[in-house]
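Chain residues, written in single-letter form:
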Amino acid sequence: MTGSILFEAIVFLLGAIICVSIAKRLGLSSVLGYLIAGVLIGPYVLGFIGNEGEDILHFAEFGVVMMLFLIGLEIEPENFWKMRKTIVGMGGIQVAGTVLLSYFLFILFGFDWKVALTFSMAVALSSTAIALQTIKEKGLLNTTFGQSSFSILLFQDTIVIFMLGALPLLASTDKPTVENSGDHVNLLQNLPLGLQTLAILVSVVAIVVAGKYLIVPMLRKVAKTGVRELLIAAALLIVFGISFLMELVGLSPALGAFLGGVVLSNSEFKHELESTLEPFKNLLLGLFFMAVGASINFIVIAKSPLTIGGILVAVIVLKALILFITGSVFKLKLNQKLLLTFSLAQVGEFAFVLLSFAFSLNILEQNQMDIMLVVTALTMTVTPIIGMINERVLLPRLGTKESINRPMDHIAKAQKVILVGFGHFGSTIGRFLRTHGVEATILDHDANRVDFLRKMGFDVYYGDATRTDLLESAGIAEANILICAMDNPEVIKQLAKTVKSNYPQVKLMVRAKNRYAAYEFLNMEIDHIYRESLETSLKLASEVLSQMGFRKYTLQRQVQNFIKYDEDSLRRLAKEDKIGDENYIFKARKELEQQEKLLEQDFKRGIVEFDSHWDSEQIRIALDDVKL
Amino acid sequence: MRKVLVLFSHPKFEKSRANAILVDKIKDKEGVTFHDLYQRYPDFNIDVDAEKALMSAHDIIIFHHPFYWYSCPPLMKQWIDMVLEFGWAYGPNGTALHAKKCLNVITTGGSRALYCEQGTNSFSVKEFLRPFEQTANLCGMQYFPPFAVMGTHKIEDKELHDYAHQYDKLIDLLQQDIALLAVNDFSFLNDIPQLNTEI
Chain A
1 MTGSILFEAI VFLLGAIICV SIAKRLGLSS VLGYLIAGVL IGPYVLGFIG NEGEDILHFA
61 EFGVVMMLFL IGLEIEPENF WKMRKTIVGM GGIQVAGTVL LSYFLFILFG FDWKVALTFS
121 MAVALSSTAI ALQTIKEKGL LNTTFGQSSF SILLFQDTIV IFMLGALPLL ASTDKPTVEN
181 SGDHVNLLQN LPLGLQTLAI LVSVVAIVVA GKYLIVPMLR KVAKTGVREL LIAAALLIVF
241 GISFLMELVG LSPALGAFLG GVVLSNSEFK HELESTLEPF KNLLLGLFFM AVGASINFIV
301 IAKSPLTIGG ILVAVIVLKA LILFITGSVF KLKLNQKLLL TFSLAQVGEF AFVLLSFAFS
361 LNILEQNQMD IMLVVTALTM TVTPIIGMIN ERVLLPRLGT KESINRPMDH IAKAQKVILV
421 GFGHFGSTIG RFLRTHGVEA TILDHDANRV DFLRKMGFDV YYGDATRTDL LESAGIAEAN
481 ILICAMDNPE VIKQLAKTVK SNYPQVKLMV RAKNRYAAYE FLNMEIDHIY RESLETSLKL
541 ASEVLSQMGF RKYTLQRQVQ NFIKYDEDSL RRLAKEDKIG DENYIFKARK ELEQQEKLLE
601 QDFKRGIVEF DSHWDSEQIR IALDDVKL
Chain B
1 MRKVLVLFSH PKFEKSRANA ILVDKIKDKE GVTFHDLYQR YPDFNIDVDA EKALMSAHDI
61 IIFHHPFYWY SCPPLMKQWI DMVLEFGWAY GPNGTALHAK KCLNVITTGG SRALYCEQGT
121 NSFSVKEFLR PFEQTANLCG MQYFPPFAVM GTHKIEDKEL HDYAHQYDKL IDLLQQDIAL
181 LAVNDFSFLN DIPQLNTEI
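From first to last, the protein sequence lines are chains A and B. When we follow the UniProt record's numbering, the leftmost residue of the first sequence carries the number 1, and every step to the right adds one. When we follow the UniProt record's numbering, the leftmost residue of the second sequence carries the number 1, and every step to the right adds one.
Please keep in mind that the hints were generated in silico from the structure rather than gathered at the bench. Errors might be hidden in some of the hints.
Below, computed lysine-lysine pairings styled on DSS-like, alpha-carbon distance capped at 25 Å [to be verified]:
#1 A:K513 <-> A:K539
#2 A:K552 <-> A:K539
#3 B:K154 <-> B:K52
#4 A:K493 <-> A:K575
#5 A:K552 <-> B:K52
#6 B:K126 <-> A:K552
#7 B:K126 <-> B:K169
#8 B:K27 <-> A:K552
#9 B:K15 <-> A:K539
#10 B:K100 <-> B:K29
#11 B:K15 <-> A:K552
#12 B:K100 <-> A:K552
#13 A:K224 <-> A:K212
#14 B:K77 <-> A:K552
#15 B:K154 <-> B:K169
#16 A:K416 <-> A:K493
Pairwise CB distance ranges (calculated) [said to hold, decoys possible]:
#17 B:N45 <-> A:E478: 27 to 37 Å
#18 B:D49 <-> A:I619: 53 to 63 Å
#19 B:P92 <-> A:Q618: 47 to 57 Å
#20 B:N45 <-> A:A622: 33 to 43 Å
#21 B:F123 <-> A:N480: 46 to 56 Å
#22 B:P92 <-> A:L545: 42 to 52 Å
#23 B:F123 <-> A:Q618: 40 to 50 Å
#24 A:A622 <-> B:P131: 47 to 57 Å
#25 B:M82 <-> A:T225: 51 to 61 Å
#26 B:M82 <-> A:K136: 42 to 52 Å
Note that beta-carbon positions come from the ideal geometry of N, C-alpha and C, so glycine has one too.
The whole structure should be built from the sequences, with the hints applied where relevant.
The structure is reproduced here in C-alpha cells:
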C-alpha cells in the first residue's frame with residue numbers, strides 16, 4: 001500500500017490539512033503545523049511515510065527556490081542595491097561569529113577539528129524556508145526585523161557556495177573521495193577558480209539580460225494569446241530555467257531565482273507571476289516542511305539523547321546569542337532584535353546538503369551525520385515554538401509592539417490605492433492621482449495596452465483583477481481604496497462583489513457606465529458611484545446656456561443642484577429591485593416626470609427666485625408692501 | 001491716457017437693475033477694462049497670474065460691487081486674498097501696485113441717511129470700507145472715497161441714469177489724470193464739484 005503515489009499524496013494532503021488547520025486555529029504559524037504533520041506521518045510515529053522522505057525533501061526544496069523568486073519580485077533593483085550594506089554587514093557578522101563560536105563548541109563536545117568545522121559551517125546557516133515563510137505570513141517583511149532577517153539569509157545563500165567549495169579541501173587526501181554526489185556535480189568543478197568566478201559572473205549577467213530581453217517579451221507574447229495556462233507554464237519555465245542554469249555553474253538555484261525575481265520586479269508581469277507561482281510555492285514549501293518533520297530520526301535520538309539534547313540546546317543558544325549581537329551592532333530596537341534572534345536561530349535546509357556532501361567526502365562518519373541531521377530537523381521544529389513564546393510572553397512585557405516601518409509622513413505614500421482598468425476613463429484618474437504623488441497600483445487585462453502604457457512610463461501590471469490571487473499579490477490586503485474603472489459593468493460587479501466579501505476594509509470607488517449600472521451598484525451597497533456621463537453632459541449643457549447669455553455663476557450653481565436632484569432620484573429608483581419589469585417602467589416614468597417637474601421648478605426659481613439672497617427685487621417688493 | 005480696470009463682482013448681475021444701468025454706461029469705454037469676476041470665475045478658481053498681469057497693466061483700479069452685509073460679495077474677497085500676494089502687492093519688494101489709484105464703486109439698498117451713528121446701520125460707509133482703505137494703503141495705492149449709488153430699493157430709473165452719467169464722468173477725470181479737487185472734504189466722490197457742474 002505504502003508504495004502507491006496516490007496513497008502517499010493522500011497522506012501528505014490529509015496530514016497538512018488536519019495539522020495546519022489545527023495550528024492555525026491555535027494561532028500558530030503554518031510552518032509548525034506542517035512540521036508536526038511530518039513527524040506524525042513519518043516512519044517513527046504512524047509510519048505512513050518511509051525513507052522516501054529524503055527524496056521528497058530534495059524535490060520539495062524547489063519550494064524554497066520559488067519563494068526566493070517571489071521575494072525577488074517584491075524587491076526592485078534599486079532597493080536591492082540599497083540593502084547591500086546590511087546584506088554583507090549583518091550576514092558577515094552572523095556567519096563569521098556563528099562559525100567561530102560553534103567550532104569551539106564542537107571541539108568542546110569532543111569532535112575532530114574537521115568534523116567540528118563542517119558542523120559549524122552547517123550550523124551557521126539558518127532556514128530561509130522557515131524564517132521567511134513565517135515572516136511573510138505575519139506580514140513583517142517590511143519591518144527592520146524583516147529586512148535584517150532577509151539580508152542575513154541572502155548572505156547565507158551566497159556563502160553556502162563557498163562552503164561547498166571549501167569542503168573538498170577538508171577531505172583527507174589519502175582516502176579516495178566519492179566523486180559523484182548527485183546534486184553537486186557541475187560543469188565547472190574541475191576548472192581553475194578564476195574561470196569559475198568568471199562563469200558565475202557571466203551567468204548572473206545572463207539572468208539580468210535574459211530577464212529584460214527574453215523573458216519579458218516572451219511573457220508579452222504569451223499574454224496576448226489570452227490562454228491562461230500558458231502563462232502558468234511560462235512562469236514555471238522561468239523558475240526551472242534559472243534553477244537549471246544556476247545548478248549548471250554550481251550556484252545556488254535559490255540565489256539565481258532571487259536574482260531573476262529582482263530583474264522581473266519592474267515588469268508589468270510582476271503581479272501575474274506572483275499570483276501564478278504563489279500556490280505552487282506554498283504547496284511545495286508545505287511538502288518541504290513535512291519532509292523535514294518526517295526525517296527526524298527518533299532511533300538516533302533514542303541512542304544518544306544526551307548528546308543530541310546538549311547539541312540542540314547549545315546550537316540554539318549560540319545562534320541566538322550571535323544574532324542578538326548582530327542586531328546590537330546594527331542598532332536594532334530591542335523588540336526587533338528579539339524577533340530577529342528567534343526567527344533565525346534554527347539550522348537550515350542547507351545543512352542537509354552540506355552534511356551529506358561532507359559525508360560523501362568521508363569527512364563525516366555515518367553516525368556523526370545522523371546526529372547532526374536530527375539536530376537540524378529538531379532546531380527547525382523547536383525554534384518556531386520558541387519564537388511563538390517570544391511573541392506571546394516576552395514581547396508584550398517589553399511594552400513594545402511590532403510596528404511596521406512605513407514612512408507615514410506623506411499622504412500619498414501612506415495609503416495604498418489600486419486602480420483597475422486603465423482605458424480612457426481609468427487613465428485620466430491615474431494621471432490626476434499621479435500629479436498628486438499618488439502612485440496607484442494599476443491593473444489591466446489588455447496586454448497590448450499594458451505594453452504601450454509601460455512605454456509611456458506608467459506602472460501598469462497585466463492581469464485579470466477579478467481573480468482573488470492577483471488582487472492579493474497587487475496588495476489588496478493593505479489597500480485603502482480600490483478604483484473600478486473598467487469598461488464592462490458586469491466585470492466591475494464581479495470585482496466589487498469579491499472585494500466586498502473578502503476585503504471589507506477596502507473602500508470601493510466605482511465607475512458606472514449608465515443609470516442601470518448605477519442602480520445595481522447601489523443595490524450592492526456600494527456608496528461611491530460615479531456615473532461617467534453625468535457631469536460631462538451637464539457641462540456641455542451649461543456651456544450652451546452660457547453661449548445663449550445665461551450667467552456662468554448661476555449655471556454653475558444650477559448644475560450642482562441638478563446633480564443633487566438626480567442623485568436623489570437615482571437612490572429612490574434603485575430601491576426597485578427588478579429592473580426592467582413593468583413596475584420598474586412605471587416607476588421610471590413617474591420618476592422622469594418628477595425630474596422634469598423638478599427641473600421646471602429649478603428653472604423658475606433659479607432664474608427668477610431660486611435664491612432669495614442677493615435679490616434686491618424681493619426686498620423692493622416687500623418695501624413697497626410696507627409703504628402701501 | 002490712464003488705464004482703468006473695473007473689477008466687477010456681482011453674484012446675481014442678471015437681477016440687478018442698478019448695476020445693469022451703471023455697467024452698461026462704462027463697460028465699453030475706451031481705455032476701460034471691464035472685468036466681470038463672477039462670469040470669469042464661476043468656480044471661484046482664480047487665475048492669479050492672469051489677474052496680476054491685468055493689475056500691472058492698469059493705473060486705476062475700481063472695486064465695483066454691491067454692498068452686501070456691509071462688505072463685498074465673496075468672490076471679490078477671494079480675489080483680494082488670492083491676487084494681492086506677499087512680496088508682490090505688499091511686503092519687501094511688494095511694490096507692484098505702488099502709485100496706482102484705487103476706489104470702491106458700490107450700490108446699497110439702504111439710503112445714505114441710514115449709514116450714520118443715528119441710522120439703523122450705526123456706521124458710515126467710509127467706516128465700513130476701512131478694510132479696503134487699509135488694503136490700498138498697505139499696497140501703496142492712493143485710495144479715494146467711494147462712489148456710491150444708495151437706496152437702490154426705491155430709486156427710479158432716471159436717477160440711476162444720472163448716477164451712470166456721473167460714473168462715466170468720474171472715469172473720464174481719472175483717465176485724463178485730472179486731480180480730483182477737494183476730494184478729502186467729501187465722504188463720497190459723488191459730491192465733489194467736478195462731478196456736479198451740469199446737474
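Tested hints:
{"no.": "1", "hint": "A:K513 <-> A:K539", "verdict": "18 Å, holds"}
{"no.": "2", "hint": "A:K552 <-> A:K539", "verdict": "11 Å, holds"}
{"no.": "3", "hint": "B:K154 <-> B:K52", "verdict": "38 Å, violated"}
{"no.": "4", "hint": "A:K493 <-> A:K575", "verdict": "17 Å, holds"}
{"no.": "5", "hint": "A:K552 <-> B:K52", "verdict": "23 Å, holds"}
{"no.": "6", "hint": "B:K126 <-> A:K552", "verdict": "32 Å, violated"}
{"no.": "7", "hint": "B:K126 <-> B:K169", "verdict": "22 Å, holds"}
{"no.": "8", "hint": "B:K27 <-> A:K552", "verdict": "18 Å, holds"}
{"no.": "9", "hint": "B:K15 <-> A:K539", "verdict": "23 Å, holds"}
{"no.": "10", "hint": "B:K100 <-> B:K29", "verdict": "20 Å, holds"}
{"no.": "11", "hint": "B:K15 <-> A:K552", "verdict": "14 Å, holds"}
{"no.": "12", "hint": "B:K100 <-> A:K552", "verdict": "31 Å, violated"}
{"no.": "13", "hint": "A:K224 <-> A:K212", "verdict": "18 Å, holds"}
{"no.": "14", "hint": "B:K77 <-> A:K552", "verdict": "19 Å, holds"}
{"no.": "15", "hint": "B:K154 <-> B:K169", "verdict": "24 Å, holds"}
{"no.": "16", "hint": "A:K416 <-> A:K493", "verdict": "22 Å, holds"}
{"no.": "17", "hint": "B:N45 <-> A:E478: 27 to 37 Å", "verdict": "35 Å, holds"}
{"no.": "18", "hint": "B:D49 <-> A:I619: 53 to 63 Å", "verdict": "39 Å, violated"}
{"no.": "19", "hint": "B:P92 <-> A:Q618: 47 to 57 Å", "verdict": "48 Å, holds"}
{"no.": "20", "hint": "B:N45 <-> A:A622: 33 to 43 Å", "verdict": "35 Å, holds"}
{"no.": "21", "hint": "B:F123 <-> A:N480: 46 to 56 Å", "verdict": "52 Å, holds"}
{"no.": "22", "hint": "B:P92 <-> A:L545: 42 to 52 Å", "verdict": "47 Å, holds"}
{"no.": "23", "hint": "B:F123 <-> A:Q618: 40 to 50 Å", "verdict": "25 Å, violated"}
{"no.": "24", "hint": "A:A622 <-> B:P131: 47 to 57 Å", "verdict": "30 Å, violated"}
{"no.": "25", "hint": "B:M82 <-> A:T225: 51 to 61 Å", "verdict": "56 Å, holds"}
{"no.": "26", "hint": "B:M82 <-> A:K136: 42 to 52 Å", "verdict": "51 Å, holds"}
In summary, the structure is inconsistent with hints 3, 6, 12, 18, 23 and 24 from the numbered list given earlier, while agreeing with the others.
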